[in-house]
Amino acid sequence: MSEKLLEVRGLKTYFYTLKGVVKAVDGVDFELNKGESLGIAGESGCGKSTLAFSIIRLVPAPGRIVDGQISFMGKNVLDLSEEDFRRNVRWKGISMIFQGAMNALNPVYTIGDQISEIMIIHRNYTKKEALEEAKKLLEMVGIDPRRVKSYPHELSGGMKQRVVIAMALALRPPLVIADEPTTALDVVVQAQIMNLLKKLKNELGISIILISHDLSLIAEIADKVAIMYGGKIAELGLSEHIYLNPKHPYTQGLLGSIPRLKGEIRDLTWIPGVPPDLSNPPPGCRFAPRCKYASEKCNREPPVIEIERGHYVACWLYA
Amino acid sequence: MSVPPGSNPKTQKSIKIVQSLKPIFGEIWRMTPGKVAIVLLVFLIAMSIVAVTIIPADFITKWESPTYWEDNPVVAPPCWVSSFGYKVPATLQAYTSEPNQVLFEGNALTAEQAFNYNLDVDKLPQDIYIKVNAPLLCYKNQYGEEVRVTPELRVVVERPDGIVFEAWHVTLRYAENITCGSLLTYKTGKESFNLASLINEMLTKYNITVPEDIIGYNKSHTSTVSAILRTTIRSELENRYLTTPSVFVTPDRVSVTLRSTEQNSTLSSFKITLSELLAALKSDNVDTFSRRVVLENLNNAVNNITVLLSSIQLATYSDFVDDLTNARNSLDQAIKWSMDPDARVPGDLRTRMQDAREKLNKYIETITSTTELIYPVVTFKPLQGDYKVTVNLVYSGLPTKPEQVNMRIGFIVKGGCYGILGTAAKGIDIASVILYGTPIALLIGLVAAVASVMIGVVAGIVSGYYGGLVDEAIQRTVDILSNIPFLPLMIIIGSIAQKSFTGEARSLYIILLYLVILIIFSWGGLAITVRAMTLSIKEEPYVEAARALGASNTRIIFRHIFPQVMMYATAALVFRVPDAILTEAGLSVLGLRHGWPTWGSLLADARAEYRYDIWWWIIPPGLMLSLTSLTFVLLGLAIERIVEPRLRTL
Amino acid sequence: MPGAGTVIARRGLILLFSFILIIVIISAIIEGSGYSKDIYDALVRESVNAEIMALRRGNPNVTDSFIREYRENLTIYYRKMYGLIDEQGREIPPYVRMWNLVKRALTLDLGKTDKVEVANVVPTIAPASVFEIIATVLPRTIIVVTVGELIVVIIALLLAPRIAYRHGTLVDRLVVAYAAIFTAIPIWWLAMIFIQIFGYQLGLFPTSLRGVATVLNKFWDNPLLNFIEVLKYITLPITVFVIWSLGSWLYGLRAMLLRVVREDYVTVAKAKGLPEKDITRKYVLRVSLAPVLTNVILALASSLGGMIITESVFDWPGMGTLYYNAITAADSQTIMGLFVVYVGVYLIARFILEILYIIIDPRVRVK
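Chains as they are written, first to last, in the numbering used here: chain R, 1 to 319; chain L, 1001 to 1650; chain X, 2001 to 2367.
Quick list of in silico lysine-lysine cross-link-like pairs, DSS-like style, CA-CA up to 27 Å:
1) K1035(L) <-> K19(R)
2) K128(R) <-> K2277(X)
3) K2037(X) <-> K1499(L)
4) K2270(X) <-> K135(R)
5) K34(R) <-> K12(R)
6) K1499(L) <-> K2115(X)
7) K135(R) <-> K2282(X)
8) K1499(L) <-> K2080(X)
9) K149(R) <-> K2270(X)
10) K2270(X) <-> K136(R)
11) K201(R) <-> K2270(X)
12) K149(R) <-> K2282(X)
13) K2282(X) <-> K136(R)
14) K128(R) <-> K2270(X)
15) K2277(X) <-> K149(R)
16) K1499(L) <-> K2103(X)
17) K2277(X) <-> K127(R)
18) K2270(X) <-> K12(R)
19) K2277(X) <-> K92(R)
20) K19(R) <-> K1022(L)
21) K2270(X) <-> K127(R)
22) K2282(X) <-> K92(R)
23) K2270(X) <-> K75(R)
24) K135(R) <-> K199(R)
25) K2270(X) <-> K4(R)
26) K127(R) <-> K2282(X)
27) K34(R) <-> K2270(X)
28) K1362(L) <-> K1219(L)
Covered by chain X, according to a simulated footprint, are these stretches of chain R (three or more residues, beta-carbon under 8 Å):
29) 93-99
30) 111-125
Computed from the model, here is a short list of chain R residues facing chain X with C-beta under 7 Å:
31) I56
32) R86
33) N103
34) L105
35) H153
Think of the hints as simulated: they come from the structure by calculation, not from any bench. Heads up, the beta-carbon is just placed ideally off N, CA and C, and yes, glycines get one too.
Kindly produce the complete structure, drawing on both the sequences and the hints.
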């Protein structure tokens, strides 16, 4: 039995805006073992990025974690002081690969500076040692180490994304959260980045939480998949559960909208309607208004059913 | 298809525009800056309307002429300051066309008008005068000749202390070419003011005389001494009180002293001179009769002065004048006898005697006509109470009573305050200029802003949409314009304009020139932004779709690009309104005047006179400038937030 | 990709081209409008008078009739020399003459002024060289503007981050209100109000700053004492400048920081576990430096211009007061000279700031 790395229980992150409370993450539970990777999928605005920011406690204002617990390596990180969390968990424990590689790097410092400052802050390296380490990291992600003196604007989009990955791996943290690491990159570069992530995962044995709207990307890397809808997890299970035996009508809809190269030929489907307004979500099952199987009872909160071992679905169809 | 009655497409369109404006207005009103801006804007527009309706149209050309403001006190605070404890004499400008009384008696037509003024503070008004508009009357005598009858103006002042005196008594002079019946405006001035009469009355009333113990035994000197006193009072009233305001003064302290000891050195020098002469004449031992007479007289003169000197502390005016006169008389005798060849007085001694005599005589004249010896000090203070001023306009020698005589009599007391905002130099009424400045400011602000935004939008769209050479040209122009500082260029062109523009419309041309330069320099930034917007809109799929469907360039520009740019341009326009207003004011203050009654002109006057100590002169115009500017800044902020919701601060 | 040198050279060329172009345009306007007549007349009169003065001093017995003739000849000579008439005594047309004016402007040959009011700003005795007058007076303006601008930037850089983090609070709203109000108030009017309050009502500062000229002219006689004396004069204009420009600076900087604070790399820096002060320094302020400098460049024209009018209001004996006195004395010569120097100084200042910008922002270096 592998050890538990991350356990999220009943997590609620709300945004308090003038227009009302936006329940971006509203009671999410999942766990992740060491070395395992989790893919979180969902349409934009479903709360998957907020979930990621909640885990590293960087929910942007006016958002707040209002309830729940996040245990990382057995400790509830929500109980730590800001300073403790910064020193011990951020980047050392959980690092992050950000979406939109274009802006994740400070334009006025060299990439070497930006990678090495991590080691200087967290490991008390000297500037020189840190730069040496930065070169190694760059080499690891497939960038010529001589580029340490380059400024971000001198690199291509794919290279910048590699730098961001190198940065995330600087301290070899047990958990890396990758938030849409490949959006805004062209397909070839996307594949390169995904291959790099896969390689690093296997070589370094780190856990990855991959957040994406693209189920096919997640399929490449994830051991477990969580499907989020309207701030909640609709379905959670091993990759094979989700891809081969989707239970939730939303998951089915999502998978139905992906074209396949192999297998039988079928029509692509789509999900009618729009994602719910999280400041005023529908009562009960949030997918009900778009669900073709919706019935009376969907107005109540659906139960979470364990369909098979490790495969959970929140839907009245299976109650 | 039937069109519903009463609604043609055009009105529908305008209704649509109004309807689309309404929510925008509501949105602006909902934000605090927007609310403040709209309130201020309404206030400014109201002021402009009031200005245009109540102020005469020729104000714009006449406002700088000193005669326009003749009746106003100069640099006087507003009158409401008195309710804050700063007491100032009231200003009175009373005009009447119907005198209290018009009498025809014994061939004389007399118009009489009484005015009252109450001085209730311990300060003097700046001036007092009567202004009459009186016609030249004529009649035909028995020979059929035209006889011109000019009026006599008499102004009698009754003061609260009981003094009644005739302040003015003048005969109006009409130039030869003035025709019968036409009016002459006459203003009484200090030249014709009867100060002597006032002084006389005051001397009598307050019994101001030179004490007898100063004059001494010889009462015949009393008149010379009081002449000195009068002269002193006169010069004090003329110089310190500027003549006419003397109407309102009363003697405060009066003292007359004899400056005896101050005369010591002069007298001693006379004594020495004469003694030396005496010694010189004695030394040559000539002993003729004539010489003896000379010596004796000279000796007398020396004695006279010696006696005076020895008792100088006790000497009275009479002692001084009489002793010195005696001395001079003796000297005269001595000189007369020295002419006799028998006396054998050497020529140079004679000359010296004559010199001494001249000096002595001069000194006597000095002490009898100036304040050298008799030293009166008279100070005055304002006399509070009710003043009654009676104006008489008399035409004498008229055979018959004329049917109708149009005349106007005005009584002006320039007090220490004026109106609701006070006055500047030349008596300019600040409130009028503030009021009139409002429509001018709004007009030049809007004209410049609209023109600059129009050019900016057109240039930006053309540059972004068509690209190529036009784009390059526009971009380079903007680049160069942005490199050139605007102010020095404005100043040099402004000063050229000052010299080159002449004639009636000079002010207008100068202001237009300012606007043109301002516009040339201000469209660039907007053009660049609009160009960027156009470029991105041009690439939008729906625009490409429209183009694919065969929409013309004009259609794409007006249907797709223009509406999106418009909202942004509106914000830019509003932000630019203050530019022209502040530029005009700034240039005026820097000395580049244009001659219109603007707020900047008032401040420029304050700069020219360097009177920043006068708060009522500098605060109102600056405040109006700032408020107007603030109005548009706030309005711009509000519109900008609608255009770019991201800017909203909660 | 051109390097930094090329970028700088190109900017320099564009600025130089703008300078020459505007001088040419203004010269054309001056000649075209006949305004130049005053300038030339003053020049010729000045030169002729100087020679006649020298002649008189040399031989006191020279007769009036000789001087009259001498003056006529000299006038013709100088009219020729200044390019007003050709060898045959014919008037040279304006479109030819203007190049003369351009040449004199570009070589800073600004002539002399005989206006006493203008010379008094230095103070010196009229007639005096316009270039020398401007050269004495210019540093007095540069001191005020530079010191004022530096103080404003420092205060703004210290305050703005604190305000930006309190986005939407009362302090933040107050800053917005302050900025709106002081953008609306003309700076030179604020100066008048300050003289009224601190000069006349409270009597803390001199009401006219003209006196600083003599102190500055003999500054090195006793630098310490004179420095204190200068402080007495300079405090008011600098205070006015700082109070007035702080509003828009705080507002602009706050908006800029708000934008920067929301940038991804700031979140990344936080996720990296960097301490707050490192984030503020390296990720917020350092990144804002380039836009701050852009602001300085863009505000340069308006702050210089505002300061010119303000100086004239204060009677501070710098460019502003020189301008005021030249305008009121209708001294075309000095106005033209001021124009050339002002535009030149402005363009040089701009060029220096742009080089600084290129050094600060690595992105421009290769663009």
